[in-house]
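K.L.:
This is what each chain is made of:
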Amino acid sequence: METIGGFTLRSSGSLRNSLTFAVRVVMRLLSPRVFNSASRTVLINQIYFTSIQVLPLFLFVAVIFGSMVDGIVFQVLKDLGLTEYLGPLLMGFVVTEIAPFVTVLLIALRSSSAINTEVSVMKVSRELHTLDMFNIDLIDYLFVPRILNGMLSVVLLSNLFSLVVIFVGFLVSIVVFGTGFDAYVDILMTSADLQDLTIVLIKCATFGFFITFIPIHQGLTASQELTSIPIAVLNGMVKVFMAIVIIEVLSLVIRFV
Amino acid sequence: MNAHKPRLGLVSLDAPLISNLAVWSNIGLIRQYHENLPAQDAKRLALDLLGRLHVASIAEKRNPSLTSEERFFAMLLRAAMVRNAIVVLDRPFRILTDHRDGRLILDCLRKLDDLIAETYIFDYTWVKVRYGGADGTEE
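Line by line, the protein sequences are chains A and B.
Residues in the first sequence are numbered from 0 upward in steps of one, following numbering that gives the first Met the number 0.
Residues in the second sequence are numbered from 0 upward in steps of one, following numbering that gives the first Met the number 0.
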């Protein structure tokens, strides 16, 4: 009983701290005075590292993944005689579910781990203490630009992934169905649902928030010892994965229930 | 100390340079953050000040690749970037490990005199002789 009670108290305390920190970060995100020259420089650098540097790999994954999914899905639809479901499946499954999920996994693997390690190392090497000594607010200078970058990057890259998959889908549909460009666009337009697309945008932004917020928060839990860095990164990445799954499930519930 | 914190420019091993920023960024960051100085202007200012100490070539270097002397210059310039700075040098010979006396420190402080309002050097009493003449008298 004592163990269960202790675990519950620790878990609820940790959750309360995380939520309090999240609320502080969100409040700063909404404050325009946060974006001074230093924060803007960090934001631009972060966008470059997260969204631009990854583009060749990202486009490669999008083309390969898009070809595979489109090829399988279109062939199955043709074999089952369900070609009228081409649009709903492409827009309702590939664009709204697969694209954000693959994007957030790729960004989390690459950037979340980097952010988690970076913050942990800065904590251990007392660089966070340095910023504090020079009256530089950690949330304003370090955290808000990274979190905003996470939100922007996941939204933009997810849309790019969708565009690539749709374009590859067009090429595949020519081969499988012999569809023309106008007919393909018409199928997509009639299947597009504004509510679904809005939910996708919100989901991507939420993904982006948590895959940067959690690594930052976990990075701050590192102590002054080097050995605390891998522990902080490990805990952070596990929590990032759990957050991705929870957000995905919640978005499905909101869409279909 | 908290009362003077907004004017405090600390030079200490306990306040290291930010390792993922170049030297000029470490120096310019203070004005970029507190005075919203555009990045290009901050870089120009940092290069000018590094030039005063004849080390403009280290502008793009990062902390791990600096010599102890270059690291001290960068930390001192960063401290001097605080408006109306009260520069506190905390045991500077912990940074300048190869130096036997304080001539370099005093020379740098003289060159940055217009940027610094007050300077305090905190060190062990037995190191006092290294800041003055051979007989221990201070300059």
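Be careful, since some hints might not be right.
Unchecked claim - Each computed DSS-like pair below joins lysine-lysine, with the alpha-carbon atoms no more than 25 Å apart: (1) A:Lys122 - B:Lys127; (2) A:Lys238 - A:Lys122; (3) B:Lys110 - B:Lys127; (4) A:Lys122 - B:Lys4; (5) B:Lys60 - B:Lys127; (6) B:Lys42 - B:Lys110.
For the record, the hints were derived by calculation from the structure and aren't laboratory data.
K.L.:
Taking 25 Å as the top limit, are the C-alpha atoms of Lys110 (chain B) and Lys127 (chain B) close enough?
P.N.:
Judged against 25 Å, a Cα distance of about 22 Å means the pair holds.
K.L.:
Given the proposed pairing of Lys122 (chain A) with Lys4 (chain B), does the C-alpha separation stay at or below 25 Å?
P.N.:
Within the cut-off at roughly 21 Å; holds.
K.L.:
Does Lys42 (chain B) pair with Lys110 (chain B) here, judged by a C-alpha cut-off of 25 Å?
P.N.:
At roughly 19 Å apart (the allowed maximum being 25 Å), Lys110 (chain B) and Lys42 (chain B) satisfy the hint.
K.L.:
Checking one constraint from the list: CA of Lys238 (chain A) to CA of Lys122 (chain A), max 25 Å. Satisfied?
P.N.:
holds (20 Å)
K.L.:
Straight-line Cα separation of Lys60 (chain B) and Lys127 (chain B) no greater than 25 Å?
P.N.:
The hint is violated at about 32 Å.
K.L.:
Keeping to a limit of 25 Å between CA atoms, is the pair of Lys122 (chain A) and Lys127 (chain B) held or broken?
P.N.:
violated (33 Å)
The earlier numbered hints that this structure contradicts are 1, 5.
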